[in-house]
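Colleague: Given chain C, put chain B in place with the hints provided.
Protein chains: 2
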Amino acid sequence: MCQLLGMNCNVPTDICFSFEGFAARAGLTDHHTDGWGIGFFEDGGCRTFLDSLPASQSPIAALVKQYPIKSRNVIAHIRKATHGHVTLENCHPFVREMWGKYWLFAHNGELNHFHPTLGGRYNPVGDTDSERAFCLILEHLFQSFPQGNPNAEALYRAMAEITRHIATHGIFNFLLSNGQWLFAHCSTKLNYIIREHPFQSAHLVDQDITLDFSQVTTPADRVTVIATTPLTYNESWTMIWPGELLLFQDGIPRKF
Amino acid sequence: MCQLLGMNCNVPTDICFSFEGFAARAGLTDHHTDGWGIGFFEDGGCRTFLDSLPASQSPIAALVKQYPIKSRNVIAHIRKATHGHVTLENCHPFVREMWGKYWLFAHNGELNHFHPTLGGRYNPVGDTDSERAFCLILEHLFQSFPQGNPNAEALYRAMAEITRHIATHGIFNFLLSNGQWLFAHCSTKLNYIIREHPFQSAHLVDQDITLDFSQVTTPADRVTVIATTPLTYNESWTMIWPGELLLFQDGIPRKF
Chain C
2 MCQLLGMNCN
12 VPTDICFSFE
22 GFAARAGLTD
32 HHTDGWGIGF
42 FEDGGCRTFL
52 DSLPASQSPI
62 AALVKQYPIK
72 SRNVIAHIRK
82 ATHGHVTLEN
92 CHPFVREMWG
102 KYWLFAHNGE
112 LNHFHPTLGG
122 RYNPVGDTDS
132 ERAFCLILEH
142 LFQSFPQGNP
152 NAEALYRAMA
162 EITRHIATHG
172 IFNFLLSNGQ
182 WLFAHCSTKL
192 NYIIREHPFQ
202 SAHLVDQDIT
212 LDFSQVTTPA
222 DRVTVIATTP
232 LTYNESWTMI
242 WPGELLLFQD
252 GIPRKF
Chain B
2 MCQLLGMNCN
12 VPTDICFSFE
22 GFAARAGLTD
32 HHTDGWGIGF
42 FEDGGCRTFL
52 DSLPASQSPI
62 AALVKQYPIK
72 SRNVIAHIRK
82 ATHGHVTLEN
92 CHPFVREMWG
102 KYWLFAHNGE
112 LNHFHPTLGG
122 RYNPVGDTDS
132 ERAFCLILEH
142 LFQSFPQGNP
152 NAEALYRAMA
162 EITRHIATHG
172 IFNFLLSNGQ
182 WLFAHCSTKL
192 NYIIREHPFQ
202 SAHLVDQDIT
212 LDFSQVTTPA
222 DRVTVIATTP
232 LTYNESWTMI
242 WPGELLLFQD
252 GIPRKF
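Residue numbers (the working numbering), protein chains in the order written: chain C, 2 to 257; chain B, 2 to 257.
Looking at chain C on its own, in the form it has when it is part of the complex (with noise of 0.2 Å):
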């Protein structure tokens, strides 16, 4: 299985600090050595940095922690393979283009006996069950909106629709962004926190760091971090149910 960690936020926030706490489970305080990637929004921009080495080992992880990009969306993946080789077409998050913007999406679980039909217009690259979700979640909405662009409560209405379709074939946590929102669901496993005025200080679960957010933001701020198992021990972090659909915009969780 595998680990994901995302943020939306109302401002371009930097994640440096939880990044620093989500890939030391990448071979140092658990076992998701089998690549790694994330992949920043910024405004309609979308860079990913993805590489097979273990995220604890990786020169670019390195570069990742210390290297302050602001974003208002992230996702980041490590992964224990289960379905699929080891290699870098593997990584998660992976990208696709729609409607001229770019999406990003990264899964932890392990979906079955999944091979759907595809209607060519999105096709994986790789091996994995995650990949063929994504394109079969593109193709659905592709295929919803002929028009393109639809506004936020059409997109979650049809996000639900193939979300609940894909996770009959098993354990189906993912996190997907097109830059604007960030789309979060659980099957098993994945926790958020907002992080807004008053600010407090927070301490990493896999590091011995601590952080105070009311240094390095203002007021009017509002950050949202979403990851398989809190990163934080000191905060209060809210459970996703299970198979429960959100959709998070400026950092505050929304369904319809």
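To give an idea of the interface, some chain C residues facing chain B are shown, with a C-beta separation under 7 Å as derived from the structure:
id, residue
1, E43
2, D44
3, G45
4, G46
5, R48
6, L51
7, L64
8, Y68
9, T88
10, L89
11, G101
12, Y103
13, V126
Hint data in this document are derived by calculation from the structure and do not stem from the laboratory.
All residues carry an ideal CB built from backbone N, CA and C; glycine is no exception.
Modeller: Below, chain B alone, put in the same frame as chain C:
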């Protein structure tokens, strides 16, 4: 205007030496300071590193110079903005998926009055003429080969056709790869060198660095480097003729 760097080899090879010289042109020896990017194919996978900082100052470029990623097809770009803003979404190379493979594209030049009608399958995210050209190429290829995955000759002919069309709009030097083949088209300026046994030393034009390739290769290796202008002093680079389209495979240029 921008500058291009490409590599096509018969064995996975790192591009650290060439990229060291190339990145110097982004602020040290030349003025291509409006962002940069590089993309590496590794088997079916493709990873890109993008930054809107000048390559000569970017921490990500510093990593790429030092981290020897082995690849058979690489495309890099340093940007001097003409069309489009200096933002991440306008950084080359651009990536899309077609027929279950990633396709990577970078352009040097300027296309005027170029607003093609696209079929909706591949859409630009940013506002450059370059990304529009890439989307039009993919649309053309997709429509030309409904069954997907044409052979080298058929793909070359379709590429030549769409390239001739786009080149009527202005300057269209480009590099494009699907991880198997690398296309290079020259409108105004593009050069290449084939390095093979017996390997020699080379000295960078833009940095005081010499590398003896015989120390880092085997006699079976063949490495072709393509660049807007030659990167080394003491080697004989071959000019690609204006209007010429080459398909590189295993370090060998082909035409059909």
